[in-house]
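Residue numbers (our numbering), protein chains in the order written: chain U, 1 to 92; chain L, 1 to 332.
Relax, there's no trap hidden among the hints.
Simulated crosslink set (DSBU-like; lysine-lysine; CA at most 30 Å straight-line):
{"hint": "1", "chain 1": "L", "residue 1": "Lys19", "chain 2": "L", "residue 2": "Lys49"}
{"hint": "2", "chain 1": "L", "residue 1": "Lys183", "chain 2": "U", "residue 2": "Lys35"}
{"hint": "3", "chain 1": "L", "residue 1": "Lys183", "chain 2": "U", "residue 2": "Lys82"}
{"hint": "4", "chain 1": "L", "residue 1": "Lys124", "chain 2": "L", "residue 2": "Lys62"}
{"hint": "5", "chain 1": "L", "residue 1": "Lys124", "chain 2": "L", "residue 2": "Lys12"}
{"hint": "6", "chain 1": "U", "residue 1": "Lys82", "chain 2": "L", "residue 2": "Lys12"}
{"hint": "7", "chain 1": "L", "residue 1": "Lys12", "chain 2": "U", "residue 2": "Lys35"}
{"hint": "8", "chain 1": "U", "residue 1": "Lys82", "chain 2": "L", "residue 2": "Lys24"}
Computed, partial: chain U to chain L, Cβ under 7 Å:
{"hint": "9", "residue": "Asp25"}
{"hint": "10", "residue": "Pro65"}
{"hint": "11", "residue": "Met83"}
Because the hints were derived from the structure by calculation, they are not lab data.
Every residue gets a Cβ at the ideal spot worked out from N, C-alpha and C, and that includes glycine.
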Amino acid sequence: MIVRILGEGQFRVDDAATAQLNDLDANLETAVNRKDEAAFTAALTRLLAGVRANGAPLPPDTLEPSDLILPGEDSTMDDVRKMLTDEGLIPG
Amino acid sequence: MKGTAARMGVMKRVSLVFKAKANKALDKMEDPRETLDYSYQRQLELLTKVRRGVADVATSRKRVELQMNQLQQQANKLQDQARKALSMGREDLAREALTRKASAQTQLDELQVQYAQLQAEEEKLTVASQRLQAKVDAFRTRKETIKATYTAAEAQTRINEAFTGISEEMGDVGMAIQRAEDKTAQMQARAGAIDELMASGALDDAVGGKRDDIQSELDMMSANSDVERELAMLKGELTAGAPKQLEGSAPNGASQGTQGTQGTQAYQAPQQNQQNQQNQQQQQAEGPYAPQYTPPQQAEPVQPPQQGQQGQQTQPAGAPGLADEPQDGDRS
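Okay, chain U solo, but in the shape it has when bound (with noise of 0.2 Å):
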């Protein structure tokens, strides 16, 4: 599985993983829902400490799709609802 962390680049991330970093972002999910800043960027930093310690960074020349893409270390809760509900964020 690839995943993408905004402004860092993509992981290979081993399948065995994937079940902890599905409960790392259902806590993040939680925060978001709770509007708990806190709490978010603390699950924040939990899960891409797990990406980072169970992905091996892809090459730069590889143009594979992520499979999933997280927000970056310094994102705010405000950051991550934008990209969600507004699509201008993204360009391209």
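Based on the hints, put chain L in the right spot on chain U.
Below, chain L without anything else, positioned relative to chain U:
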């Protein structure tokens, strides 16, 4: 994966947004192979944009750096002023200088944080630019292969994959540029505000050469103390000179101090005129500065009133200090 329609995680939703974006662009193309050329043009444009973004962030960072230097100089200067003011016994002025220094320091601290952010943006954008370059190169190769090898129908799947891959990267880089532009704009607004603040004198702008009231007060105090010192010196000379004048001016023999001396001067005037003429001749021979070298003995009985009135008639008698006394001219 557990992600379903009922509970879809953030990562899945973000990637769906990206994919939807790419599919929408793909759907617009009638011949999929056109998509390749069109996309490639967009990629080159984006590469140009991201490189310009790197340059813009760097410019902004340098401006912040410059301002940080100015603020640092300012803080140092205010520190010196505080020290100087305190040594002159002006605690109030020292306090004012330190208050402004604290204000400059606060600005400096904030700028430092933002400087670090800009530096991080610059690095990220540089890396993004390199990554995009690598992908654009890969895409160009893939594009030529696809066009040469496959018919429009056969090419569809491969084009979709390459297009989705590159458009994801482009979306990512585009967002990075957007964020860098926002940061740069914020930074420029802030830098402009600090420039204004410095120009207003609120931070006491020594750097811009604008009004600097602490410095001018210190200068004034310093100048005042110079004046006081010279004044004291002159008074000392006058007091020392008074007994000698008594010898040559009987009528006012009893007079002491400044008043007495000046009274004496008036009476002595006729005698001095004679001497003045002699001296003037001497002066002409010796040049304008000659009187200053005249031995002190000659100076004793002679008084300065005429000097005040007629500058060219500088007397040898006028000890440099006496000649400077403003009252002399007024009284004669």
